[in-house]
Every structure is written in structure tokens, then in C-alpha cells.
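Take a look at the letters that make up each chain.
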Amino acid sequence: MKEFETDYRHAKPGQGGPGVVDYLDLDTKDETFLDATELVLNMGPQHPSTHGVLRVILKLDGEKVLGTECVIGYLHRGVEKIGENRTYAMFNPYVDRMDYVAAVSNGLGYCEAVEKLLNVEAPPRAQYIRVILTELCRIASHQVWLGTHALDIGAITPLFYCFRDREEVLRIFEKYCGARLTTHAFRIGGCLYETYDGFEQDCRKFCDFFLPKLDEYEALLTTNRIWVERTRNVGILKPEDCIALGVTGPVLRASGVKWDLRKKQPYESYKDFDFEIPTGLNGDTYDRYIVRIQEMRQAVRIIRQAVEGLPSGPIMAKVPKVIKPAVGEVYVSIEAPKGELGYFIVSDGSTQPYRVRVRPPSFVNLQALDKMVRGLLVADVVAVIGTLDIVLGEVDR
Amino acid sequence: MWDRHGREAQKMPDETKGPNPVSPLPGGDAPPPAKAAEPAAPQSHTPPAKSETPVTAKPAEATKPATPAAGQKSAPAAAAAKPAAPAAAKPAAPPKPEGPKPDPWESELVTRLRSQYGSGIKEASTYMGQKYLVVDPAILYEILLRMRDDELFDYCVDITAVHYPKREAQFDIVYVLYSFHHNERVRVKTQIKDGESVRTAVEIWPTANWLEREVYDMFGITFDGHPDLKRILLPDGWKGHPLRKDYPILQQDQEWVQINLGIESGQ
Chain A
1 MKEFETDYRH
11 AKPGQGGPGV
21 VDYLDLDTKD
31 ETFLDATELV
41 LNMGPQHPST
51 HGVLRVILKL
61 DGEKVLGTEC
71 VIGYLHRGVE
81 KIGENRTYAM
91 FNPYVDRMDY
101 VAAVSNGLGY
111 CEAVEKLLNV
121 EAPPRAQYIR
131 VILTELCRIA
141 SHQVWLGTHA
151 LDIGAITPLF
161 YCFRDREEVL
171 RIFEKYCGAR
181 LTTHAFRIGG
191 CLYETYDGFE
201 QDCRKFCDFF
211 LPKLDEYEAL
221 LTTNRIWVER
231 TRNVGILKPE
241 DCIALGVTGP
251 VLRASGVKWD
261 LRKKQPYESY
271 KDFDFEIPTG
281 LNGDTYDRYI
291 VRIQEMRQAV
301 RIIRQAVEGL
311 PSGPIMAKVP
321 KVIKPAVGEV
331 YVSIEAPKGE
341 LGYFIVSDGS
351 TQPYRVRVRP
361 PSFVNLQALD
371 KMVRGLLVAD
381 VVAVIGTLDI
391 VLGEVDR
Chain B
1 MWDRHGREAQ
11 KMPDETKGPN
21 PVSPLPGGDA
31 PPPAKAAEPA
41 APQSHTPPAK
51 SETPVTAKPA
61 EATKPATPAA
71 GQKSAPAAAA
81 AKPAAPAAAK
91 PAAPPKPEGP
101 KPDPWESELV
111 TRLRSQYGSG
121 IKEASTYMGQ
131 KYLVVDPAIL
141 YEILLRMRDD
151 ELFDYCVDIT
161 AVHYPKREAQ
171 FDIVYVLYSF
181 HHNERVRVKT
191 QIKDGESVRT
201 AVEIWPTANW
211 LEREVYDMFG
221 ITFDGHPDLK
231 RILLPDGWKG
241 HPLRKDYPIL
251 QQDQEWVQIN
261 LGIESGQ
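So the protein lines, in turn, are chains A and B. Taking this note's numbering, the leading residue of the first sequence gets 1, the next gets one more, and so forth. Taking this note's numbering, the leading residue of the second sequence gets 1, the next gets one more, and so forth.
Any given hint might turn out to be false.
Said to hold, decoys possible - No farther apart than 27 Å at their CA atoms in a straight line, the calculated lysine-lysine pairs in the DSSO-like style are these:
1. B/Lys239 <-> B/Lys166
2. A/Lys59 <-> B/Lys230
3. A/Lys318 <-> B/Lys101
4. A/Lys324 <-> B/Lys245
5. A/Lys59 <-> B/Lys166
6. B/Lys189 <-> A/Lys324
7. B/Lys122 <-> B/Lys230
8. B/Lys239 <-> A/Lys324
9. B/Lys101 <-> B/Lys193
10. A/Lys81 <-> B/Lys166
11. A/Lys321 <-> B/Lys101
12. B/Lys101 <-> B/Lys245
13. B/Lys189 <-> A/Lys264
14. B/Lys193 <-> A/Lys81
15. B/Lys239 <-> A/Lys81
16. B/Lys101 <-> A/Lys205
Said to hold, decoys possible - Which chain A residues stay away from chain B? Per the calculated CB distances, all over 12 Å, these:
17. Leu41
18. Leu60
19. Ile72
20. Leu75
21. Glu168
22. Arg230
23. Tyr354
Hints were generated in silico from the structure; no laboratory data involved. All C-beta atoms, glycine included, are put in the ideal place defined by N, C-alpha and C.
With these hints in hand, go ahead and build the complete structure from the sequences.
So, in C-alpha cells, the structure goes:
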């Protein structure tokens with residue numbers, strides 16, 4: 001490694017490239033490199049591979065990344081301030097606009113938090129409907145991730161496959177609540193809409209349809225040599241780094257930490273279902289890919305069980321028309337497709353929340369980017385941003 | 001590929017032994033506090049999962065002011081006055097049941113911390129089964145360090161703040177901590193005045209970096225020793241801290257908008 005560095009720095013044009021980079025040397029911060037060879041490269045905010053408006057300032061030595069700085073906030077809308085100025089029910093549709101590829105999860109977390117504050121629980125049927133839709137949403141979110149991530153790395157076909165199959169999920173959403181993306185599917189206390197005729201069949205049909213499609217994605221990528229070369233040993237996060245950096249979700253699980261809020265602190269009816277938590281070994285980009293693919297399989301499993309066991313009964317708990325929780329504060333979090341999505345709500349006893357704080361998984365996970373890309377190549381930065389699965393609407397809020 | 005797990009598959013695998021967030025946590029649950037002479041008040045240490053608690057409490061409370069002479073003579077007038085206050089404002093609505101109150105939180109952790117820091121631990125309570133500590137800002141850093149190293153709260157979930165302009169110590173800073181070891185959450189809160197600062201937690205949890213920057217950006221609270229304390233979501237030159245209560249929702253930094261966007265107003 002040392003030899004290569006000296007070779008590279010004194011190489012003359014045409015005398016060979018940088019050769020093999022030691023990816024495992026994550027803590028590289030070569031102060032010696034901060035000399036004339038350092039180059040500052042601005043990536044974004046309009047770069048297609050930044051998945052929105054993320055700007056990353058890269059400090060480079062040739063192709064090697066010495067350090068990064070993320071500039072965020074381009075999509076800041078002040079969601080938390082809006083929350084303080086709306087009633088509890090009026091703020092519900094706003095949360096869909098944060099992580100807009102997994103709007104159902106956002107709404108679930110918010111409704112859970114307000115229900116906790118009100119000390120009510122959704123009826124069993126509503127909980128099952130919530131689980132079905134949330135898991136469908138997890139699949140849709142992971143499909144967007146897989147399509148764009150693969151596109152960033154250079155595989156175009158998975159994008160078309162994923163977006164084609166995601167339509168099936170969105171169609172179920174549309175039939176259920178009329179909206180495809182920003183669904184506003186849940187209400188505080190349960191669900192507003194009863195399932196439509198044929199909801200169960202649609203879900204079952206989707207599960208049967210989707211598993212072979214998942215095999216198709218895997219056939220394209222899992223053993224694809226280019227994919228493996230581009231993702232294995234790229235952007236490694238050790239478990240202790242994950243915990244120190246607060247990284248959650250599939251990124252944490254790919255590092256080998258078997259931690260999922262659906263199992264650890266089951267909310268809704270997740271304790272009724274039998275499913276696994278897929279984990280990885282190395283915590284690299286390839287493992288994160290495998291973990292998310294497996295999560296989609298587990299989501300199908302959960303949907304099937306929930307559809308089979310869908311109880312009858314009311315879908316709305318007894319919630320007052322004007323929601324006025326008692327004075328107090330709660331922190332409630334759920335396992336969103338991107339990680340731990342938490343809501344910290346302070347009530348002052350009025351109809352509007354005194355303070356709504358959203359703990360966004362994307363925001364916290366993005367902080368790990370610097371740690372992950374140090375010592376890698378510029379092309380790997382694109383892969384790592386993709387593997388973190390950030391949505392800038394949620395990062396900036 | 002998929003075998004149908006019928007309804008009998010109720011028992012949870014091993015890793016689910018963690019407590020349900022909606023049920024009282026077994027470790028640190030307080031013994032029933034001796035709340036004198038308030039039988040109808042919903043006991044907040046009972047599992048909040050039981051949704052009928054406030055529902056059943058409502059008629060019980062509702063009948064109380066309606067029939068004040070019916071045998072409830074000895075019910076404390078001070079306690080009855082509180083639910084009666086909203087009823088006076090809106091006579092059509094039944095009087096609100098008094099909301100759940102925070103209970104004192106007794107556990108070994110609290111005892112250990114109390115024995116060392118004494119009055120530095122201002123409050124240790126649970127609300128809806130969620131535990132929190134209120135500590136003095138002077139010992140905040142020590143407490144956080146101790147929570148991570150000795151009490152194994154190794155994951156800092158979130159750092160945020162709440163602004164109470166009418167209070168003398170205007171800001172609550174809230175640290176949400178989670179322990180992978182115990183599978184439980186604790187909130188550590190501290191109260192500071194406007195203009196005061198606390199020591200940064202970046203040395204304890206690197207994740208505090210951006211979270212503290214956001215608190216600085218939104219509330220103007222500074223963190224001593226932070227490696228890179230600057231705005232994160234708003235532009236660098238922005239004036240004002242939007243999540244303060246004295247910052248109206250439509251307010252903007254007009255000067256910034258005019259210079260940087262070249263328009264008269266952002267509205």
C-alpha cells in the first residue's frame with residue numbers, strides 16, 4: 001500500500017494508474033496528501049446520482065477521496081415549524097412529504113406517536129391493514145432504491161424492472177385510498193378507509209407476482225461480476241461505527257447487528273407475524289444490497305400472513321373529533337424502510353402540537369457518508385450514496 | 001417456499017423478548033405512587049395500551065361536577081376544579097378527564113445516579129411508560145458519558161430542543177438515548193437559559209455532530225467544543241432561528257432573499 005502511494009504520487013503521465021486501492025484502510029486520513037495534489041470537487045446539488053439535491057464537496061487526491069462535506073438543506077420546507085402551526089390531524093398529510101417514496105411509513109409513525117400521546121390504540125383490523133400497507137410500502141421504497149442504485153452503478157435494466165413492478169404496489173395504494181405516492185392512508189386512531197372489495201386478492205396476487213420478479217432482479221445483479229466488483233468491500237461500516245454514528249435500518253443490519261424495531265419493540269401487530277431479520281456480515285455495499293433484497297422477501301411473508309389473518313371489526317378507535325392530548329411528551333419510533341423514524345411530540349394541551357420533532361433516518365444515515373468513502377474512489381462515492389438510500393425530502397424536511 | 005404460518009404462530013422468536021413500547025417496561029417501573037384521594041384519576045402507570053382508561057374515566061369525571069352534592073363531599077375541591085375549568089369555557093363538551101401525569105421513576109439506575117449526583121438529577125419520571133431524566137446542565141456531559149459507558153446507553157437516537165419562551169430557562173435540550181443492551185430508551189433533558197451553552201456530545205457520539213448543528217440552526221443554542229458548529233439546513237447567512245416560538249411561521253430573512261434570490265419577497 002505504502003509503495004503504491006509513493007509510486008502514484010511520483011508517477012509520470014502514461015506510467016500506469018493508481019492500481020488497487022486498499023479499501024479496508026478506512027481510517028485513512030493522509031495529511032501528507034494535503035499538498036499540491038489535493039483537488040476539491042463539487043458534486044451536486046444537481047448531480048443525478050445524488051438522488052435529489054445533495055451537494056457533496058469532495059477533497060480528492062487524484063481519484064482518491066480524502067474527505068467529504070455534505071451540504072444539505074436545499075429542500076428544507078420547515079416541516080417541524082408547520083407542524084407547530086397545524087392541528088394534529090392537519091399535520092398528518094404533511095409527513096407524507098418527507099420520505100415521499102415511503103409515505104405510508106411516515107404516516108404510520110406520526111399516527112402511532114399521536115395515539116401514544118392520546119393513550120389509544122388502533123383496533124386489530126386497522127393494525128393489520130396498516131401492516132399490510134406499510135410492508136407494501138417497504139417493498140416500493142426498496143424498489144426505488146434498487147432501481148436507482150443499480151442505475152448509478154451502471155446497470156440500467158433493474159430500474160425499468162423495479163419501476164414497472166412498483167406500479168403494482170402503487171395501484172393497490174390508489175385503489176385503497178386514491179393516491180399513489182403521498183397517500184395519507186392512516187388517520188389518528190386507525191384507518192379512515194375500509195379495504196376495497198378484492199383487497200385481499202390483490203395483495204395475494206401481488207405476492208405471487210412479486211417473488212418471481214425479485215428472482216429476476218437477483219438474476220441480473222447478485223452474481224453479476226461487474227455488480228459484485230463495484231459493491232463488494234465498498235463503503236464498509238463496522239458495527240461499532242454504525243452505533244456510534246446512529247446509523248439504523250438496513251445499513252446497520254448489513255453490518256451484522258440484528259436490530260429491527262419491528263422485533264425489538266413491536267408496534268402495531270408485528271408481534272403476530274413470523275418473519276426473519278436478514279443481516280449481513282461485512283457491512284459493505286454488497287451486503288446492504290443482499291439485506292434489502294431479503295427484506296423484500298420478508299415483507300412478502302408478512303403481507304401474506306397479515307392478509308390471511310386479517311380480522312374483522314372496527315377500523316377506528318374512539319378518538320375525539322377534536323384531538324387535544326393532555327400535557328406531556330412522547331417519543332415514538334418505527335422501523336421505516338430507511339431506518340428508525342422517530343417522532344418526538346410535545347403537547348401543551350391545545351389542539352396543536354407544541355413541538356413536533358422528526359428523527360429522520362436518512363439525515364442521520366447520511367452522516368456516515370464521510371466515514372464510508374474515505375480512501376475510496378470518486379466512482380465509489382456514487383455507489384455509497386446509493387447504498388445509504390437517502391431521500392432528500394426527509395434529510396432536509 | 002413459503003409455508004403458511006397459521007394463527008398458532010403467535011409465540012415470538014427469541015429476540016422479541018424486549019418489552020413492548022406500549023406496555024410498561026418491567027425494569028424501571030415505579031411502584032404505584034401514593035396519590036391521595038383521587039380514585040377516578042386515570043393511573044398513568046397502568047399500561048397505556050388499555051385504551052379504555054380515558055374512556056371509562058370520562059363518564060366518571062363527567063358525573064362528578066354534575067352531581068356535586070351526591071356523596072362526593074369529601075372529594076378534594078382542588079382536584080375537581082381543574083377538570084371543571086375547560087367545562088366552564090365550553091359548556092357543551094363534557095369536562096376533560098385529567099390527563100395522565102408523569103410518575104416518579106425508581107430504578108437502580110436512578111438510585112445510582114442520585115447517590116452520585118444528588119440534586120443534579122432534578123427529576124426522574126416516566127410518562128406513558130417512557131422514562132426521562134431532567135439533569136442540571138452543569139453535569140449534563142458527565143451524565144451522558146456515564147450513560148454511555150456505565151449504563152450502556154450506547155446509541156444516541158436524537159438530540160433536539162424545545163423552546164418555552166415564558167420560562168426562565170427557556171430551552172429544553174432533549175437527548176433520546178437507546179441501549180442495545182437493555183433494549184430500552186431514556187430521554188435525558190436539561191434546561192438552559194437563552195444565551196447559555198452546553199458542552200457538545202460529539203466526543204461521546206459522533207452522530208451528535210449533525211444533530212447539534214440542527215439544534216443550533218433551528219434554536220440558536222450553541223454547543224461548546226463542537227468541531228464544526230454552523231448552520232446545516234438553512235443557508236449560512238440566514239438571520240434568525242426558525243423553531244423559536246418568537247419566530248412566526250411566515251417570517252423570512254427578507255434581506256437574504258432579496259440578495260440571494262433576486263426577488264422582493266419569498267412569500
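**Report entry** Hint check, failures only
**Finding:** 5, 7, 8, 16, 19, 20, 23
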